[in-house]
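Peer 1: Sequence:
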Amino acid sequence: MNFHYNKHLKTKARNLRINSTIAERVIWNDLLRKRNLLGFKFLRQRPIDNFIVDFFCKELLLVIEIDGFTHEN
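For any residue, its number in the numbering used here is found by taking its place in the sequence shown, counting from 1, and adding 8.
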């Protein structure tokens, strides 16, 4: 499976990283940052196709969406 990086959403993804929710910050800092979860590398606010996902692990082909209802379209 191929996850297409959407460079057109790069600026919006950067803004979402800067203005992340409390839940996203807790998950990132306590669990996913610096390969803390079983050594897997996660990226946050990753533009994939026409979406920006909260967390993405390429090795596992795993997307984690913490609080999708809070993001605007």
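Read the hints as simulated data drawn from the structure, not as lab findings. It cannot be assumed that every hint is accurate.
What the hints assert, rightly or not - Here are the computed lysine-lysine pairs in the DSBU-like style, where the Cα-Cα straight-line distance is at most 30 Å:
#1 K15 to K66
#2 K18 to K42
#3 K66 to K20
#4 K42 to K66
Claimed, not checked - Quick list of the computed label-pair ranges, beta carbon to beta carbon:
#5 F11 to L45: 11 to 21 Å
#6 D38 to H16: 11 to 21 Å
#7 V71 to N44: 29 to 39 Å
#8 L39 to L69: 13 to 23 Å
#9 T19 to L46: 12 to 22 Å
Computed from a prediction, not measured in an experiment: that's the story for all the values here. Just so you know, even glycine gets a beta-carbon here, dropped at the ideal spot from N, CA and C.
Peer 1: For every hint, state whether the structure bears it out.
Peer 2: Hints, verified against the model:
1. K15 to K66: 17 Å, holds
2. K18 to K42: 22 Å, holds
3. K66 to K20: 21 Å, holds
4. K42 to K66: This hinted pair holds, its Cα atoms lying about 15 Å apart.
5. F11 to L45: 11 to 21 Å: 19 Å, holds
6. D38 to H16: 11 to 21 Å: 31 Å, violated
7. V71 to N44: 29 to 39 Å: 18 Å, violated
8. L39 to L69: 13 to 23 Å: With Cβ atoms ~18 Å apart, the hint holds.
9. T19 to L46: 12 to 22 Å: Because 32 Å falls outside the window, the suggested range is violated.
Violated hints, in rising order: 6, 7 and 9; the structure is consistent with all others.
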